[in-house]
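Those sequence lines, one after another, are chains B and S.
Just so we're aligned, residue 28 is where the first sequence starts under the working numbering, counting upward by one.
Just so we're aligned, residue 28 is where the second sequence starts under the working numbering, counting upward by one.
Derived from the structure by calculation, the hints contain no laboratory data.
A hint or two may mislead.
Which copy is meant is left open, because identical chains are indistinguishable; a pair holds if it fits in one copy or across any two.
Said to hold, decoys possible - Straight-line distance between alpha carbons at most 30 Å, and here's what the computed DSS-like set of lysine-lysine pairs gives:
#, residue 1, residue 2
1, 168, 101
2, 342, 240
3, 67, 420
4, 478, 268
5, 82, 420
6, 268, 357
7, 149, 130
8, 76, 410
2 protein chains.
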Amino acid sequence: MPSANASRKSQEKPREIMDAAEDYAKERYGICSMIQSQEKPDRVLVWVKDLTVQKADEVVWVRGRVHTSRAKGKQCFLVLRQQQFNVQALVAVGDHASKQMVKFAANINKESIVDVEGVVRKVNQKIGSCTQQDVELHVQKIYVISLAEPRLPLQLDDAIRPEIEGEEEGRATVNQDTRLDNRVIDLRTSTSQAVFRLQSGICHLFRETLINKGFVEIQTPKIISAASEGGANVFTVSYFKNNAYLAQSPQLYKQMCICADFEKVFCIGPVFRAEDSNTHRHLTEFVGLDIEMAFNYHYHEVMEEIADTLVQIFKGLQERFQTEIQMVNKQFPCEPFKFLEPTLRLEYCEALAMLREAGVEMGDEDDLSTPNEKLLGRLVKEKYDTDFYILDKYPLAVRPFYTMPDPRNPKQSNSYDMFMRGEEILSGAQRIHDPQLLTERALHHGIDLEKIKAYIDSFRFGAPPHAGGGIVFTGVDNGMNQGLQQPGGQPNAATEIYLASHPGDRGLRHRPVPAKSTSLPHINGK
Amino acid sequence: MPSANASRKSQEKPREIMDAAEDYAKERYGICSMIQSQEKPDRVLVWVKDLTVQKADEVVWVRGRVHTSRAKGKQCFLVLRQQQFNVQALVAVGDHASKQMVKFAANINKESIVDVEGVVRKVNQKIGSCTQQDVELHVQKIYVISLAEPRLPLQLDDAIRPEIEGEEEGRATVNQDTRLDNRVIDLRTSTSQAVFRLQSGICHLFRETLINKGFVEIQTPKIISAASEGGANVFTVSYFKNNAYLAQSPQLYKQMCICADFEKVFCIGPVFRAEDSNTHRHLTEFVGLDIEMAFNYHYHEVMEEIADTLVQIFKGLQERFQTEIQMVNKQFPCEPFKFLEPTLRLEYCEALAMLREAGVEMGDEDDLSTPNEKLLGRLVKEKYDTDFYILDKYPLAVRPFYTMPDPRNPKQSNSYDMFMRGEEILSGAQRIHDPQLLTERALHHGIDLEKIKAYIDSFRFGAPPHAGGGIVFTGVDNGMNQGLQQPGGQPNAATEIYLASHPGDRGLRHRPVPAKSTSLPHINGK
């Protein structure tokens with residue numbers, strides 16, 4: 028155990044605390060030397076979330092952050108926080124604590140990490156401000172393990188306050204710039220803790236479902252030798268004395284794996300697009316969840332497999348992540364997310380008819396604008412009571428060159444998007460697996476055949492019919508955007524961790540908002 | 028069902044086949060039109076691997092590639108392949124097949140994909156050349172679904188021949204350039220199919236184990252605003268009007284997540300290093316498996332958790348992937364992989380003593396060279412009978428600035444590497460969580476503090492002691508290296524899918540070999 032009082036730093040009033048010959052508790056508190064793995068004490072640390080009445084009257088050790096502290100006469104009340112859980116701790120002058128010890132506890136900077144020995148006591152009145160409402164900890168020893176600087180750039184309680192409460196009651200909230208400049212602190216809030224755990228859960232459910240369906244996970248290259256997907260929106264990398272490019276998607280590689288007989292593949296990885304526009308649907312870097320699958324006779328075999336995968340994610344979140352969902356909902360209230368089984372499938376022409384009936388003027392081969400997507404989401408919800416649906420049979424004109432045309436209607440294609448709460452979250456299609464038709468379609472799109480030669484060649488030695496799709500999972504704030512948007516501003520590495528959240532949120536390119544109610548469409552109850 | 032004989036292309040002898048008025052079987056074979064999802068037939072396709080004596084005398088439909096075909100009088104023997112499985116199919120003149128149909132079957136280009144209807148027949152003598160040894164398929168209908176070009180750039184049977192067999196018996200093998208220039212075909216071999224499935228399995232076992240241990244999966248940014256890990260070996264990206272950089276590791280971000288109270292995090296993702304040297308341990312792009320974890324009092328808590336994770340992967344592979352392991356071993360025979368539980372831990376000074384005893388001259392603070400690593404691997408195997416061990420307590424001088432010094436010996440550090448068959452596969456350490464010491468160590472290493480300000484700042488508001496490690500999982504041949512190594516040569520996008528294999532192989536940077544015996548250390552039996 029690191030020795031107490033062997034302080035590398037000093038608290039605000041060190042003299043007063045240290046100079047205490049008469050302090051009968053002086054061994055019971057202090058600032059530990061830095062933990063450098065000198066010893067392996069057999070002390071067991073109990074998790075804050077496990078402090079319940081079952082542990083009443085036990086003496087336990089707990090490690091937590093000082094979330095708040097409040098001195099009151101001969102007592103000091105601390106709230107100790109561990110991840111999204113917290114408990115009240117009481118240091119009171121008595122057998123175990125001296126008045127110096129109470130003062131020491133009251134002066135510990137917020138967010139410092141402390142080891143506390145205490146007795147778990149049942150309380151008569153529930154402690155509404157803590158997750159552990161039925162007990163408090165009566166502190167016998169308290170040592171600072173890692174001391175925080177005195178001035179915090181943001182208050183965690185402000186950071187989890189719903190915006191509406193801030194506006195209506197004039198209470199402080201934290202703006203996006205402050206959050207992102209102090210991401211390490213912002214991520215400590217119960218909301219961020221829950222959002223990140225939900226994200227981790229979504230990745231896990233995605234893979235678990237696909238592995239159970241017989242998919243193989245692949246890794247695809249990110250630095251590539253040619254801007255093979257057209258050349259627009261591609262980042263250039265200085266590669267020793269040459270240039271290379273960042274992959275705009277794993278599209279070509281997952282198709283190559285299908286041509287190599289892997290039958291069903293998926294990957295999770297970063298995708299790079301040099302999109303210089305300021306919307307939450309145009310990201311320079313995001314994490315994509317990608318699927319590709321051979322089928323027997325009809326691309327609906329694949330489309331239905333993808334839709335089922337999403338449904339399994341929705342269900343898995345509801346079953347395994349209720350705590351996290353409720354934590355996010357406290358800050359970002361939203362309507363329960365609804366979906367049907369099997370998933371509703373509408374054809375593009377049906378959607379057009381619904382929009383036209385609602386007064387929208389659109390041509391048969393026009394793509395959906397973002398406002399029309401949202402309107403359509405509302406119309407579908409009214410008519411079918413679902414927040415999740417498939418839109419099938421897009422006009423060929425609005426899809427990439429490798430999309431399989433519909434043989435019965437040359438203006439249509441065998442392609443689909445999937446929507447959550449009126450936002451497209453997945454785009455997919457049957458791909459052309461015939462090198463001759465692929466060449467024709469590439470020429471029609473004005474693509475330089477030389478640049479996609481290897482791609483087309485991969486279909487020359489027998490290729491199974493196949494389809495797939497890609498989900499934009501999380502936006503990454505790589506800290507670049509601020510610097511570029513604000514001339515003279517410095518990109519801030521502290522903002523470089525950012526995960527917008529999950530399918531349904533395409534993230535925000537320019538200093539993204541952590542989690543808005545509109546961007547948490549699916550993690551709610553059914 | 029796509030109509031037969033409605034060919035978009037023609038076989039070598041179309042006239043002869045088509046011009047057959049007297050052909051009583053003419054509806055039973057042909058080249059299908061491209062599958063464009065016109066229909067949803069209710070035909071069930073049976074998997075080749077499910078063709079066993081249990082299905083004897085059943086009529087089934089199978090989709091597979093023509094692996095080989097051999098005409099013999101009025102019969103044609105085909106081997107139909109599906110992924111790593113294959114079955115013999117017989118087309119014989121009789122009630123179902125005309126001589127024209129036999130000729131058609133015999134002329135189908137290898138690697139073409141066909142749909143075959145046939146009766147499963149038990150055979151009297153095992154078919155040694157197929158995975159389905161006890162049955163063959165008596166073909167009644169055969170349609171080409173996707174026609175391969177007539178000339179294959181490589182033969183699959185050559186591509187799975189062990190090198191030694193090629194050398195000793197003068198039989199053809201396939202060189203690395205040909206493999207990588209025709210990656211889609213090379214990946215169809217039973218060996219590649221197995222290697223990719225093992226890789227997918229390793230990722231799955233890694234995540235499954237960590238999620239069960241309470242870890243949270245994170246995604247970290249790849250385009251970053253500053254070359255924050257020192258500046259050497261960093262790729263520069265043109266970011267609109269500015270420059271950005273590719274992340275050399277997720278190190279900083281996973282540590283930030285620990286400072287943000289996630290306690291235990293992991294990530295799987297690409298790592299970029301501008302290393303211009305031609306060895307299989309210097310890669311410009313690879314996939315890393317990364318772990319970071321807070322601990323209570325000693326970094327061995329983390330080190331043991333990581334070692335156990337690797338042991339769980341070894342065991343999971345042995346339990347769930349025996350078929351794949353045996354398939355790889357056919358081409359790349361190797362000794363069974365041995366490991367101990369708990370994992371053997373040696374200190375650096377013990378390793379030095381063993382090496383010195385074997386005649387190696389090394390200073391106390393010298394790093395291990397690759398030959399010495401290998402020698403040590405052999406010495407450890409002899410003495411302890413294990414292929415997997417931890418080397419703990421590296422000299423401080425050979426580790427990065429953020430490594431925690433050993434407080435009891437200023438020349439040592441709280442750091443470790445893990446080895447498989449004498450190659451380092453993981454490097455890890457306790458990290459410095461105190462901003463003051465971190466600043467001192469960075470200055471000692473001559474690092475520009477301004478560039479790592481955000482990193483150091485993330486420890487200012489209370490940071491738990493923590494440790495972690497990173498595994499180089501797979502090398503990615505992104506097709507760049509060839510073009511750069513051979514002046515005038517063109518980077519070849521067809522080589523852009525490459526996954527070296529799994530932990531224990533750091534991949535090869537310059538046109539990597541798919542899987543050498545030395546690079547498959549751990550997938551063998553215990």
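Tested hints:
Only within a single protomer do residue 168 and residue 101 lie at most 30 Å apart by alpha-carbon distance; the minimum there is 16 Å, versus 93 Å between protomers. In this homomeric assembly, residue 342 and residue 240 come within 30 Å of each other (Cα to Cα) both inside a single copy, at 16 Å, and across copies, at 23 Å. For a Cα distance limit of 30 Å, the shortest separation of residue 67 from residue 420 across copies, 16 Å, qualifies, whereas the shortest one inside one copy, 64 Å, does not. For a Cα distance limit of 30 Å, the shortest separation of residue 478 from residue 268 qualifies both inside one copy, at 20 Å, and across copies, at 26 Å.
For a Cα distance limit of 30 Å, the shortest separation of residue 82 from residue 420 qualifies neither inside one copy, at 60 Å, nor across copies, at 39 Å. For the identical chains of this complex, residue 268 and residue 357 are neighbours neither inside a copy (53 Å) nor across copies (41 Å), given an alpha-carbon limit of 30 Å. Proximity of residue 149 to residue 130 under the C-alpha cut-off of 30 Å is restricted to the intra-copy arrangement: shortest distance 25 Å within a copy versus 87 Å between copies. Taking the closest pair of Cα atoms, residue 76 and residue 410 never come within 30 Å of each other, the shortest separation being 44 Å inside a single copy and 46 Å across copies.
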